[in-house]
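Residue numbers 1 to 279, in full-length UniProt numbering, belong to the letters of the sequence shown in order.
Just so you know, these hints were derived from the structure itself, not from any lab.
Careful, some of the hints might be misleading.
For each label pair, taking beta carbons as the anchor points, the in silico distance ranges come out as [unchecked claim]:
| hint | residue 1 | residue 2 | range |
| --- | --- | --- | --- |
| 1 | ARG78 | LEU257 | 19 to 27 Å |
| 2 | ARG210 | SER278 | 16 to 24 Å |
| 3 | ARG104 | THR4 | 42 to 50 Å |
| 4 | PRO53 | HIS146 | 38 to 46 Å |
| 5 | LEU257 | ALA185 | 35 to 43 Å |
| 6 | GLU164 | ASP41 | 26 to 34 Å |
| 7 | ASP108 | LEU257 | 34 to 42 Å |
We put the beta carbon where it would ideally sit given N, CA and C, even for glycine.
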Amino acid sequence: MNTTPKVALVTGATQGLGLALVEGLAGRMAPQDTVYLTGRDVDRVTQAVDAMPGGGARVRGELLDVADPEAAGRLAARLKERHQGVDIVFNNAVMRVGPDDDPREIVDAYAEVNNFGTTRVLRAFAPLLRDDGRLIVVASSLGTLHHLAPVLHDRFDGPTSLDEVDEQVAAWRDAVRDGSARGGAWPGFVNIPSKIGQVAAVRALAHRRREPDLARGILLAAVCPGMMNTPTSGMWWDVSGAPSPAEAALALLDLALDPVDPDHYGRLVRDGQALPWSP
Numbered sequence: 001m002n003t004t005p006k007v008a009l010v011t012g013a014t015q016g017l018g019l020a021l022v023e024g025l026a027g028r029m030a031p032q033d034t035v036y037l038t039g040r041d042v043d044r045v046t047q048a049v050d051a052m053p054g055g056g057a058r059v060r061g062e063l064l065d066v067a068d069p070e071a072a073g074r075l076a077a078r079l080k081e082r083h084q085g086v087d088i089v090f091n092n093a094v095m096r097v098g099p100d101d102d103p104r105e106i107v108d109a110y111a112e113v114n115n116f117g118t119t120r121v122l123r124a125f126a127p128l129l130r131d132d133g134r135l136i137v138v139a140s141s142l143g144t145l146h147h148l149a150p151v152l153h154d155r156f157d158g159p160t161s162l163d164e165v166d167e168q169v170a171a172w173r174d175a176v177r178d179g180s181a182r183g184g185a186w187p188g189f190v191n192i193p194s195k196i197g198q199v200a201a202v203r204a205l206a207h208r209r210r211e212p213d214l215a216r217g218i219l220l221a222a223v224c225p226g227m228m229n230t231p232t233s234g235m236w237w238d239v240s241g242a243p244s245p246a247e248a249a250l251a252l253l254d255l256a257l258d259p260v261d262p263d264h265y266g267r268l269v270r271d272g273q274a275l276p277w278s279p
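Given these sequences and hints, build the entire structure.
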């Protein structure tokens, strides 16, 4: 029996779904295990750790701003030194956008966190995964080619490396910034190409790691938590009947802690089912 203490990490974990994931992991993991609660603001990280209920795994705070090109790599190096590896990583950090935001003004910061932040976390932590590890990107059911004009499908269906995905995301970002996206086939809601880019990143990394990962019991996947009752979602939709972040986290925790379903590998999963990538 493997008695090595387990290590989990959640990005963007000072509120909402990220906070619920930390609490859920801590409650379902053992006292000798460690869950890292990360965020970009030291005071909010400290407050979130202090507010955690007792019992279960130890919760430890760490600063991580995924918009910093070097931050994920620095934290991964520290965890490698401390623990020699990691067992569960949830990439949940996100910059949210409201209905009144001008996409041209926010797209640089938005892509930096949501997309380049995702690929930074994948690059930094995938090499640290131990046997039976999980690396899960929190995305959305909007992250499939069903929501993109067919003329744009090859941009995200073709890449087989994270660098190639980053190139396509950068091209979309630039088109939004200079206004040319408005006159083309890109959807006006920036969340759609961004989420597709996240899932494409998972698919590209999975393309390179599938056989050895499955042989070691590792799961690399994207996950859709579904609509949640949060202030940000409430700016766009009526979420009064939607699940709370804690309720939405349950299916994600099952994905991280239950035995691997090989059909989930490299795919976008919602409520335990892999969603089709293309029409």
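ARG78 paired with LEU257, Cβ distance criterion 19 to 27 Å
holds, 24 Å
Can the suggested window of 38 to 46 Å be confirmed for the beta-carbon pair PRO53 and HIS146?
This hint holds: roughly 40 Å between Cβ atoms.
Is the distance from the Cβ of LEU257 to the Cβ of ALA185 consistent with 35 to 43 Å?
holds, 40 Å
With respect to the beta-carbon atoms only, verify the hint that ASP108 and LEU257 lie 34 to 42 Å apart.
Holds, since ASP108 and LEU257 (Cβ atoms, about 36 Å apart) stay within the stated range.
With 42 to 50 Å as the target window, see if ARG104 and THR4 comply at their CB atoms.
holds, 49 Å
Confirm or reject the claim that ARG210 and SER278 have a C-beta distance inside 16 to 24 Å.
holds, 18 Å
Honestly, do GLU164 and ASP41 meet the 26 to 34 Å range at C-beta?
holds, 33 Å
Every hint, counting from the list given before, is met by this structure.
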